[in-house]
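Visitor: Hey, can you work out the whole structure from these sequences and the hints?
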Amino acid sequence: MHILIVLANPNETSFNHAIAKQAATTLEQNGHQVTLHDLYKEGFDPNLPGDEIPREGTLPETIATQCKEAADADGIIIVHPNWWGMPPAILTGWVDRIMRPGVAYDFVEGDKGEGVPVGLLKADKAIVFNTSNTSAEREDTIFGDPLQRIWKDCIFDLCGVPDVTRRMFRIIVTSTDEERKNWLDEVTEIVEINFPKA
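First residue of the sequence shown: 1, per UniProt numbering; consecutive thereafter.
Read the hints as simulated data drawn from the structure, not as lab findings.
Nothing here was measured: the structure is a model prediction, and the numbers come from that model.
Think about it this way: if two alpha-carbon atoms lie no more than 16 Å apart in a straight line, the pair counts; the simulated EDC-like pairs of lysine to aspartate or glutamate are:
1) Lys197 / Asp74
2) Lys125 / Asp153
3) Lys122 / Asp106
4) Lys197 / Glu28
5) Lys125 / Glu192
6) Lys21 / Glu192
7) Lys21 / Glu189
8) Lys122 / Asp163
9) Lys122 / Asp72
10) Lys125 / Asp163
11) Lys21 / Asp185
12) Lys125 / Asp74
13) Lys122 / Asp74
14) Lys41 / Glu12
15) Lys125 / Glu69
Guide: Following this line, the structure appears as C-alpha coordinates:
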(Lines of atoms letter the chains of each structure in order from A; the text may use other names.)
(Lines give C-alpha, C1' and ligand atoms only; values in the text may rest on other atoms or scores of the structure.)
Protein backbone atom coordinates (compact mmCIF):
# COMPACT_ATOMS: atom_id res chain seq x y z
CA MET A 1 0.00 0.00 0.00
CA HIS A 2 1.02 3.60 -0.57
CA ILE A 3 0.52 5.73 2.54
CA LEU A 4 0.75 9.51 2.54
CA ILE A 5 1.99 11.16 5.76
CA VAL A 6 1.56 14.92 6.21
CA LEU A 7 3.39 16.53 9.13
CA ALA A 8 2.84 20.10 10.33
CA ASN A 9 5.07 21.33 13.14
CA PRO A 10 7.89 23.89 12.74
CA ASN A 11 9.96 22.44 15.60
CA GLU A 12 12.06 19.57 14.26
CA THR A 13 12.61 18.24 17.79
CA SER A 14 8.85 18.13 18.48
CA PHE A 15 6.97 15.02 19.50
CA ASN A 16 4.99 15.45 16.28
CA HIS A 17 8.20 14.72 14.37
CA ALA A 18 8.80 11.65 16.52
CA ILE A 19 5.26 10.46 15.77
CA ALA A 20 5.66 10.94 12.02
CA LYS A 21 9.02 9.15 12.04
CA GLN A 22 7.58 6.26 14.06
CA ALA A 23 4.62 5.93 11.70
CA ALA A 24 6.83 6.02 8.60
CA THR A 25 9.30 3.49 10.02
CA THR A 26 6.49 1.13 11.02
CA LEU A 27 4.90 1.31 7.58
CA GLU A 28 8.18 0.77 5.75
CA GLN A 29 9.11 -2.19 7.97
CA ASN A 30 5.73 -3.70 7.15
CA GLY A 31 6.27 -3.43 3.41
CA HIS A 32 4.36 -0.26 2.58
CA GLN A 33 5.46 2.63 0.38
CA VAL A 34 5.56 5.94 2.26
CA THR A 35 5.45 9.52 1.04
CA LEU A 36 6.11 11.95 3.88
CA HIS A 37 5.65 15.69 3.52
CA ASP A 38 7.09 17.83 6.32
CA LEU A 39 5.27 21.02 5.34
CA TYR A 40 7.42 23.46 7.29
CA LYS A 41 10.70 21.87 6.22
CA GLU A 42 9.56 21.88 2.59
CA GLY A 43 8.43 25.50 2.81
CA PHE A 44 4.93 24.65 1.63
CA ASP A 45 3.05 27.81 0.61
CA PRO A 46 -0.38 27.64 2.29
CA ASN A 47 -1.80 30.64 0.40
CA LEU A 48 -4.44 29.60 -2.12
CA PRO A 49 -4.19 31.86 -5.18
CA GLY A 50 -7.48 32.85 -6.76
CA ASP A 51 -6.60 31.26 -10.09
CA GLU A 52 -6.26 27.85 -8.40
CA ILE A 53 -9.83 27.89 -7.10
CA PRO A 54 -11.64 26.86 -10.32
CA ARG A 55 -11.58 23.14 -10.99
CA GLU A 56 -9.91 23.76 -14.35
CA GLY A 57 -7.35 26.14 -12.84
CA THR A 58 -3.69 25.69 -13.72
CA LEU A 59 -1.67 24.28 -10.82
CA PRO A 60 2.03 24.68 -10.09
CA GLU A 61 3.90 21.42 -10.62
CA THR A 62 4.54 20.88 -6.90
CA ILE A 63 0.84 21.32 -6.08
CA ALA A 64 -0.25 19.07 -8.96
CA THR A 65 2.16 16.39 -7.74
CA GLN A 66 0.81 16.53 -4.20
CA CYS A 67 -2.76 16.41 -5.49
CA LYS A 68 -1.92 13.21 -7.35
CA GLU A 69 -0.24 11.75 -4.26
CA ALA A 70 -3.34 12.46 -2.16
CA ALA A 71 -5.68 11.07 -4.82
CA ASP A 72 -3.63 7.88 -5.31
CA ALA A 73 -2.84 7.14 -1.64
CA ASP A 74 -4.28 3.97 -0.13
CA GLY A 75 -4.20 5.61 3.29
CA ILE A 76 -3.43 9.01 4.79
CA ILE A 77 -1.81 9.95 8.11
CA ILE A 78 -1.93 13.51 9.41
CA VAL A 79 0.30 14.66 12.30
CA HIS A 80 0.00 18.07 13.96
CA PRO A 81 -0.35 19.93 17.26
CA ASN A 82 -3.62 21.34 18.52
CA TRP A 83 -3.32 25.10 18.05
CA TRP A 84 -6.41 27.09 19.09
CA GLY A 85 -8.53 23.99 18.42
CA MET A 86 -7.28 24.01 14.82
CA PRO A 87 -4.46 22.60 12.73
CA PRO A 88 -1.54 24.97 12.12
CA ALA A 89 -2.28 27.44 9.31
CA ILE A 90 0.21 25.75 6.99
CA LEU A 91 -1.80 22.51 7.22
CA THR A 92 -5.10 24.31 6.69
CA GLY A 93 -3.53 25.82 3.58
CA TRP A 94 -2.46 22.33 2.47
CA VAL A 95 -6.08 21.22 2.74
CA ASP A 96 -7.17 24.30 0.77
CA ARG A 97 -4.74 23.63 -2.07
CA ILE A 98 -4.57 19.83 -2.18
CA MET A 99 -8.06 18.63 -1.18
CA ARG A 100 -9.55 20.35 -4.19
CA PRO A 101 -12.54 19.62 -6.42
CA GLY A 102 -11.80 16.95 -8.97
CA VAL A 103 -9.10 15.52 -6.68
CA ALA A 104 -10.67 14.94 -3.26
CA TYR A 105 -14.35 15.54 -3.97
CA ASP A 106 -16.78 16.43 -6.70
CA PHE A 107 -20.43 17.27 -7.18
CA VAL A 108 -23.03 15.22 -9.03
CA GLU A 109 -23.78 16.17 -12.63
CA GLY A 110 -25.85 19.33 -12.84
CA ASP A 111 -24.87 20.45 -9.34
CA LYS A 112 -23.19 23.85 -9.38
CA GLY A 113 -21.66 23.41 -5.93
CA GLU A 114 -24.72 23.99 -3.79
CA GLY A 115 -25.31 20.31 -3.01
CA VAL A 116 -23.59 17.59 -1.05
CA PRO A 117 -20.15 16.68 -2.41
CA VAL A 118 -19.18 13.17 -3.45
CA GLY A 119 -15.84 11.97 -2.06
CA LEU A 120 -13.17 10.98 -4.58
CA LEU A 121 -10.17 9.93 -2.49
CA LYS A 122 -9.02 6.36 -3.03
CA ALA A 123 -7.97 5.99 0.63
CA ASP A 124 -10.46 4.13 2.78
CA LYS A 125 -8.58 4.79 6.03
CA ALA A 126 -7.01 7.83 7.63
CA ILE A 127 -5.23 8.37 10.92
CA VAL A 128 -4.87 11.74 12.63
CA PHE A 129 -2.29 12.03 15.40
CA ASN A 130 -2.50 15.18 17.49
CA THR A 131 -0.61 16.60 20.45
CA SER A 132 -2.02 18.96 23.03
CA ASN A 133 -1.33 20.67 26.34
CA THR A 134 -5.05 20.78 27.18
CA SER A 135 -6.59 18.15 29.44
CA ALA A 136 -9.17 15.81 27.93
CA GLU A 137 -11.86 17.03 30.34
CA ARG A 138 -11.34 20.69 29.43
CA GLU A 139 -11.13 19.83 25.72
CA ASP A 140 -14.46 18.00 25.82
CA THR A 141 -16.45 20.21 28.18
CA ILE A 142 -15.19 23.66 27.20
CA PHE A 143 -14.17 23.33 23.56
CA GLY A 144 -16.11 20.29 22.31
CA ASP A 145 -13.08 18.69 20.59
CA PRO A 146 -13.19 20.72 17.34
CA LEU A 147 -10.35 18.71 15.75
CA GLN A 148 -12.56 15.62 15.70
CA ARG A 149 -15.21 17.53 13.73
CA ILE A 150 -12.66 19.12 11.41
CA TRP A 151 -10.86 15.93 10.39
CA LYS A 152 -13.53 13.26 10.58
CA ASP A 153 -16.66 15.11 9.48
CA CYS A 154 -15.55 18.21 7.60
CA ILE A 155 -12.58 16.81 5.66
CA PHE A 156 -12.28 13.03 5.41
CA ASP A 157 -15.97 12.14 5.39
CA LEU A 158 -16.61 14.78 2.72
CA CYS A 159 -13.69 13.42 0.67
CA GLY A 160 -14.92 9.83 0.84
CA VAL A 161 -12.65 8.34 3.52
CA PRO A 162 -15.01 6.27 5.68
CA ASP A 163 -12.67 5.03 8.40
CA VAL A 164 -10.91 7.73 10.46
CA THR A 165 -8.90 7.00 13.59
CA ARG A 166 -7.79 9.93 15.70
CA ARG A 167 -5.49 9.87 18.71
CA MET A 168 -4.62 12.88 20.84
CA PHE A 169 -1.50 12.63 22.99
CA ARG A 170 -1.54 14.88 26.07
CA ILE A 171 -0.23 16.68 28.05
CA ILE A 172 3.00 17.09 26.07
CA VAL A 173 4.61 19.93 28.02
CA THR A 174 4.78 17.87 31.24
CA SER A 175 5.23 14.41 29.67
CA THR A 176 8.07 12.12 30.70
CA ASP A 177 10.42 10.14 28.48
CA GLU A 178 8.62 6.98 29.57
CA GLU A 179 5.24 8.40 28.59
CA ARG A 180 6.57 9.40 25.19
CA LYS A 181 8.06 5.96 24.64
CA ASN A 182 4.71 4.36 25.49
CA TRP A 183 2.93 6.79 23.16
CA LEU A 184 5.26 5.91 20.29
CA ASP A 185 4.55 2.23 20.94
CA GLU A 186 0.88 3.15 20.64
CA VAL A 187 1.56 4.92 17.33
CA THR A 188 3.06 1.67 16.03
CA GLU A 189 0.05 -0.30 17.22
CA ILE A 190 -2.48 2.09 15.66
CA VAL A 191 -0.59 2.14 12.35
CA GLU A 192 -0.34 -1.66 12.23
CA ILE A 193 -4.03 -2.12 13.02
CA ASN A 194 -5.05 0.23 10.23
CA PHE A 195 -2.37 -0.78 7.71
CA PRO A 196 -1.37 -4.42 8.34
CA LYS A 197 1.76 -5.97 6.91
CA ALA A 198 1.81 -6.10 3.13
